[in-house]
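Number of protein chains: 4
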Amino acid sequence: MHFAHDDLPLLDTLQDFMKSHVFPAEKVLEEQLETIPLWTTAPIVQELKAAARERGLWNLFRDLPNLEYARVAEVSGWSPHLAPEAMNCAAPDTGNMEVISQFGTEAQKEQWLKPLLEGEIRSAFCMTEPEVASSDASNITTSIRREGDEYVIDGRKWFASGAMNPNCKIFIVMGKSDPDADRHRQQSMILVPRDTPGIDVKRSMHVFGFNDGHHGGHAEIIFSGVRVPASNMIANEGDGFAIAQARLGPGRIHHCMRLIGMAERALSLMCQRAQSRIAFGKPVAQQGVVMDWIAESRVRIEQARLLVLKTAWLMDTVGNKGAHTEIQAIKIAVPLMAEWVLDKAIQVHGGGGVSQEFPLSSLWAAARTLRLADGPDEVHKMSLARRELKQYQS
Amino acid sequence: MHFAHDDLPLLDTLQDFMKSHVFPAEKVLEEQLETIPLWTTAPIVQELKAAARERGLWNLFRDLPNLEYARVAEVSGWSPHLAPEAMNCAAPDTGNMEVISQFGTEAQKEQWLKPLLEGEIRSAFCMTEPEVASSDASNITTSIRREGDEYVIDGRKWFASGAMNPNCKIFIVMGKSDPDADRHRQQSMILVPRDTPGIDVKRSMHVFGFNDGHHGGHAEIIFSGVRVPASNMIANEGDGFAIAQARLGPGRIHHCMRLIGMAERALSLMCQRAQSRIAFGKPVAQQGVVMDWIAESRVRIEQARLLVLKTAWLMDTVGNKGAHTEIQAIKIAVPLMAEWVLDKAIQVHGGGGVSQEFPLSSLWAAARTLRLADGPDEVHKMSLARRELKQYQS
Amino acid sequence: MHFAHDDLPLLDTLQDFMKSHVFPAEKVLEEQLETIPLWTTAPIVQELKAAARERGLWNLFRDLPNLEYARVAEVSGWSPHLAPEAMNCAAPDTGNMEVISQFGTEAQKEQWLKPLLEGEIRSAFCMTEPEVASSDASNITTSIRREGDEYVIDGRKWFASGAMNPNCKIFIVMGKSDPDADRHRQQSMILVPRDTPGIDVKRSMHVFGFNDGHHGGHAEIIFSGVRVPASNMIANEGDGFAIAQARLGPGRIHHCMRLIGMAERALSLMCQRAQSRIAFGKPVAQQGVVMDWIAESRVRIEQARLLVLKTAWLMDTVGNKGAHTEIQAIKIAVPLMAEWVLDKAIQVHGGGGVSQEFPLSSLWAAARTLRLADGPDEVHKMSLARRELKQYQS
Amino acid sequence: MHFAHDDLPLLDTLQDFMKSHVFPAEKVLEEQLETIPLWTTAPIVQELKAAARERGLWNLFRDLPNLEYARVAEVSGWSPHLAPEAMNCAAPDTGNMEVISQFGTEAQKEQWLKPLLEGEIRSAFCMTEPEVASSDASNITTSIRREGDEYVIDGRKWFASGAMNPNCKIFIVMGKSDPDADRHRQQSMILVPRDTPGIDVKRSMHVFGFNDGHHGGHAEIIFSGVRVPASNMIANEGDGFAIAQARLGPGRIHHCMRLIGMAERALSLMCQRAQSRIAFGKPVAQQGVVMDWIAESRVRIEQARLLVLKTAWLMDTVGNKGAHTEIQAIKIAVPLMAEWVLDKAIQVHGGGGVSQEFPLSSLWAAARTLRLADGPDEVHKMSLARRELKQYQS
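Protein chains in written order, with the UniProt record's numbering: chain S, 1 to 394; chain C, 1 to 394; chain E, 1 to 394; chain R, 1 to 394.
Read the hints as simulated data drawn from the structure, not as lab findings. Honestly, I wouldn't trust all of these hints.
If chains are identical, the list can't say which one is meant, so a pair holds when it fits in one copy or spans any two.
To be verified - 30 Å max Cα-Cα, derived DSSO-like pairs, lysine-lysine:
{"no.": "1", "residue 1": "LYS390", "residue 2": "LYS282"}
{"no.": "2", "residue 1": "LYS27", "residue 2": "LYS169"}
{"no.": "3", "residue 1": "LYS390", "residue 2": "LYS49"}
{"no.": "4", "residue 1": "LYS109", "residue 2": "LYS282"}
{"no.": "5", "residue 1": "LYS202", "residue 2": "LYS321"}
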């Protein structure tokens, strides 16, 4: 065991890119979003994508081992609305690309993976349903029914992130193809192009008031008798649950990697603000409670980061399944840690902290949401506890 | 000491009104807000105001003792975006009406208090400034300078709640009239009509992602050489700090009363949701952790409510000053309690919980903000601790 | 509803008594305990009992309404190892006296209640068993078997508080008289004199490192074929569960009343210490984190006290059953609150805080234990949540 | 960076030793302590020392790099009252040996280091004083005054751990040799043999009721005109503060390493107990709240362990000074984590958990005490925050 990082020149490139391009682009994005049609991609994003690609900061989620990607993703997490997309490393595209890459046919890859890897189109993942507790996949009610050479899809999904953006051209839909099969063989995943008849992208779900327009929102979509060729099935009927499991592990760690960066940014802003504001005759940074928050933040971030890095290393060495416990552990620990640090940074910023003046409230909403996205923490804790208890069963 | 409530028939009237008018109006408000110009008052609000007034649910903050008003305000807190305004009991108007009523001249009352009491216009309170830690009033930089028969106001304010609404006709502005006076005699408060030249209502501050459009937002306002007659001064030059103190006490308890209702609504929604959702073969309500949250919520709400009621009773019996410690105590305890309960209710609602599908995320943002509005909790804790320590000084 | 306390002259008497007699006796008790045989009563306790009785501070748990007794018990909680016993108001005697008084025969009262009320003997309550989770009364394994005119008792109990003291003359034992009856009709309670053959008072359980010798410890007792006359049965066979329920409600609130006093003492010590110690150039009381603890302590104590008082009032007005929810609520809230305040007071005292130099560590151990005595908090929360949920069941 | 541990055959040896010797010895120790004179070493400890030494498990704190010793110390932390002493790796001897080894003269080493390394005698460290906040070293009042060829020591110390044991032959005393020197040059450390005239080992301080007799307690010692040869000075006059700093870093990490093991043992006991106890018809392990605790415990332990290991690695690679921030971070994080896990384990054990029936309450007291030993957490947080803030100073 040793804790020194290997050289990773890309990281320096990225850090330079953050300073020169990404951070200055944040205000630009905000301004552009007020002038362009809702849900469309801001020009600055296209510019950043070109600039990132030029620097080799492109599709790194595929090319780097997890342990190296963790460091990259952390840095991109300082500006999570811009940097990941600029590098073509944003959710849900990364997960979707992984799915097609790993389970798709050559034709599926040609049609969808290629433009996704080029950053020409975007994609959505349609899993959660408004009517049921979707953390239990066996609850899913959307049906995927074979009829001749086609599948017919009926159901209602929401929180299809990114799907409001008209450039989001392809949906991966999870549904039930065989309600009578074994619990974990009932589900399938299927590719559904956005322009298929019967699709109604109804509205976007907000997240603590944010519409997340920069990112294509979180769509509620109604599928009514939507027909796609049978060849759109991903892998085989009944593989849906397994594909979801394979997809969610890396997705969760990517979120956690970025959350470390988000927490670091919050701590950085908290320190700066605390030193620049005077109250009751001294800088806020000299208030004991604020110092306590700063120290606690540092201690919590360090612990969380190490657990994320170890998890990434495990995924590289023993595979995603071998890292199952650790992936659950970071899913439980990291969003909560980031939320805590962000809350304190907000408090130090006073009214400004809850407003659009600083990125804190938006980062907070993202961190809070990750306590329940991909399954609420409580479900993961139950599962983790069961494995822990198993060791003591006679 | 006894804990039975006196009869309060108005409370039954209000509860009926909530069920018959207010709760159904929530969806209507949401729909109307999408069709009317941003920041303007939705027609449903006018309807509710008429209906409330008809039932005698009008200006109760003035007419009832605090202990009775606490019970009324709690019930209105179940729907804080609609019920308080319907009853002409919404912040910041209530505080502003109190100020004019208590400290204003007859002319000021005639011009501004009267239409406010009639619910014909609204008002804003301009205290917080973007450039300084405003929890320390001596930091305030906006200047109020006497020139002949006029005062000239220069400065920048933000979080002037309600001021985006064009029907918000009058601003009470806190500024420094004499930077060389004693620390608590430097400030004055002055009435500034919205249409005075030199006022630039620049933008609205969001709270998390919410623009609070239903309520007139939270404006940033630039005052550049704004001239008002000297007769607009409230009380005397130098009275600003004292008026602020007088104004904030009742304001804080009103917020706390409503927060109890917000927490009750969250608990109610949590219980209903937990019973209607099935995950892993049983209702979510049978999950031990969820039951723990429900019990904790009940226990925390009860304690907070009692402290609010005792504080109200103290204000009625020994006055606002005599209740100073208790007002600080509820300011510290109640928003945090409500935030906690709301957080758990959100978690039980999954994705829906963070979205516009339920009122929870919006209520949460309100509760969170109250941990720093009217001075961050930490400032109140320091002050409360100092009083506690004083008893032991030799 | 109003929050002014009625006159209660006894309270002044008690407060004088605390200052003049009880607090000075604490050091004396400690010294005497080192010289007298382990488990015997210290002479100072007898002196205090005489002095208390003389002042009318005797058996008040029986004579006062709960709302008044709450105030008395709070003050006695400042010195919980001495004051309650001095006033003949100490657990478990109070609960045992209530049981005999309420359910006992005249003969039982004559033999046991009378000397208990006189403070001549003490008593123990034998319920918890080492082998089973005793929070579920149906788990109890001790058997009470009728044989002719006698009952035969076999089983193992522990945490029989006070039973190590040779002056503890009578045990109330809970056991199963009919394992085939309905779940809540299987248990009985029976009077077992200490000197009955077959009783082995085996050892005392420590609480953290404390043996609680001042109080008769917490005995583990083995009952092997212990025979008592059938007339020792309390009420009827099968009434044990109901008697336990009746007994535990008041017992829990008495603990909570005293915990308020324990927390107040901790806060008082914390404030004094923080002002007398200098570190890094200023009194510890000026450290922001310490001030935060002091303010939080005050806010938490006030809320808990109000809930205890309301519960007492409910017991007085609608009876113990009507106050069931509130009794559970204080059982959940108050020990945790007191533990928190004590923990912070300890931290402010440094090494001294964990030691015998201050009463804090001993008070802490008592508060911590009450999170699981009379059923762990988690059991009470489940029950409280179930009642809360019931309101929403269709 | 990689997370695989190197081979460490000693670790297997230690684990075998724990199972075959240490765990079985725990009950033996308890029994022996009741029969031997208070404060003397139990025979079982001598046996374990011989057995450990035979297996090469001796003085490993000196021989192993920190990263390897961390793993050893964690395992020994499962039985912290026995294993560390058995291996001659117990505090405060380890720190004292380091001090003499690093700063002592050859004569000092011959006289004191040699028998300490052989485990023939024990030692104490006399730093904390009852009268002052000792976390601020400049507060120390014990005087070390040069008179001719001697130093004269006057002062009062407490929490001199181990010093009650008559075999504790040598005290390292921190005092002020020059009150007029620079703040950090006023202190000296000096060797004071136990049998020097003028020493009064007055009493032992308890820790939550525990006298820690197995370990020689925590003595209060009065030094009245105690004279030692000038050659007993460690290094030079004025070096005391620097030596203390050098001593405390490794001491803190050793505590933290063992705390990881203590937390693991608590989790292990919690899992076993939860599975063996039935309440309300199912094993306690199936209660949602208990599962939540188990999962949280695992997640918290893993994070803390990684931070301890990284800190150890840093000390090995960049030295103790380079690891200063991380040492503070673990001092803040690890005792609190262990305390939390132990608290939950206690709760799952019910009454047994707070008693001598399980090691939990004793481990808890140790963990709690480490939140204030070697300086309360709050002092470390202030210092850590200051370093964090420094990065943002202009």
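Hint by hint, here is what the structure shows:
1. LYS390 with LYS282: The answer is between: 16 Å across copies meets 30 Å, while 55 Å in one copy does not.
2. LYS27 with LYS169: within (28 Å within a copy, 32 Å between copies)
3. LYS390 with LYS49: neither (47 Å within a copy, 35 Å between copies)
4. LYS109 with LYS282: Classified as neither; 61 Å inside a copy, 40 Å across copies.
5. LYS202 with LYS321: The answer is neither: 37 Å in one copy and 52 Å across copies each exceed 30 Å.
Consistency note: the structure conflicts with the earlier hints numbered 3, 4, 5.
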